Amino acid sequence: MKIKVLIFAVVFLIVCSNVFAGGLSESVEDYYNKTDKYNELNSINEKLILDIGILEKDIVELDKSISDKEDRIETKEEDIKEMEGKIEDTQENIAELKTKISEVKNLNEKQILKIALGSTPMFILGLFLTTILLFYLWKERWEG
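Those letters in the sequence shown? Residues 1 to 144, by the numbering used here.
Source of the hints: derived by calculation from the structure; they are not laboratory data. The model shown is predicted, which means the values in this text are computed figures rather than measured ones. Please note that the accuracy of each hint is not assured.
[Stated by the list, open to error] Subject to a maximum C-alpha distance of 30 Å in a straight line, what follows is the list of computed DSBU-like cross-link-like pairs (lysine-lysine):
(1) Lys64 / Lys81
(2) Lys47 / Lys57
(3) Lys98 / Lys110
(4) Lys86 / Lys76
(5) Lys76 / Lys57
(6) Lys105 / Lys86
(7) Lys100 / Lys86
(8) Lys86 / Lys69
(9) Lys100 / Lys110
(10) Lys64 / Lys76
(11) Lys114 / Lys98
(12) Lys98 / Lys81
Input sequences plus hints: build the corresponding full structure.
As structure tokens, this is what we get:
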């Protein structure tokens with residue numbers, strides 16, 4: 001009976017050690033697999049963190065670029081408003097100049113008429129006086 005118990009104990013120990021060793025080896029493999037997965041996920045996480053940092057820098061640069069472009073747009077809009085004001089002023093000046101030109105043309109026509117009307121009688125008077133003077137000189141010459 002001792003031999004049976006001893007055989008049973010030896011078989012039991014062999015079976016238990018195989019089961020324990022198999023379970024232990026499986027748990028060690030699981031541990032290493034999980035550790036490998038953890039390390040892989042950790043490296044992916046580190047890469048993602050670096051990529052996020054780069055993206056954040058890019059976002060900051062894009063925000064600066066956008067704000068600069070918005071400032072330029074605002075400046076251009078202000079310049080456009082100023083140019084529109086200048087165009088309106090120029091159009092007003094052109095309209096004023098056109099009215100002044102038409103006024104000057106009207107004045108010139110009136111002055112030409114005044115000169116013509118004023119100089120015609122003077123011309124006739126001068127012609128008359130010259131004729132009398134010539135007639136007098138001619139008469140003096142023939143008589144004298």
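Hint by hint, here is what the structure shows:
Only pairs whose Cα atoms come within 30 Å are accepted, and Lys64 paired with Lys81 is accepted, the gap being roughly 25 Å. With a C-alpha separation of about 15 Å, the suggested pairing of Lys47 with Lys57 holds against the 30 Å cut-off. Between Lys98 and Lys110 the alpha-carbon distance is near 18 Å, which keeps this suggested pair within the 30 Å criterion. Among the hinted pairs, Lys86 with Lys76 is consistent with the structure: their alpha-carbon atoms are about 15 Å apart, no more than 30 Å.
Between the alpha carbons of Lys76 and Lys57 the distance comes to roughly 28 Å, so the proposed pair stays at or under 30 Å and holds. At roughly 28 Å between alpha-carbon atoms, Lys105 and Lys86 fall within 30 Å of each other, so this suggested pair holds. For the suggested pair Lys100 and Lys86, the alpha carbons sit about 21 Å apart, so the restraint of at most 30 Å is met. With a C-alpha separation of about 25 Å, the suggested pair Lys86 and Lys69 falls inside the 30 Å cut-off, and the hint holds.
Using a Cα cut-off of 30 Å, the hinted pair Lys100 and Lys110 holds, with the two alpha carbons roughly 15 Å apart. Distance check on the hinted pair: Lys64 and Lys76 sit about 18 Å apart at the alpha-carbon level, within 30 Å; holds. The hinted pair formed by Lys114 and Lys98 meets the criterion: a straight-line CA distance of about 24 Å does not exceed 30 Å. Our distance criterion of 30 Å between C-alpha atoms is met by Lys98 and Lys81, whose separation comes to about 25 Å.
Taken one by one, the earlier hints all hold for this structure without exception.
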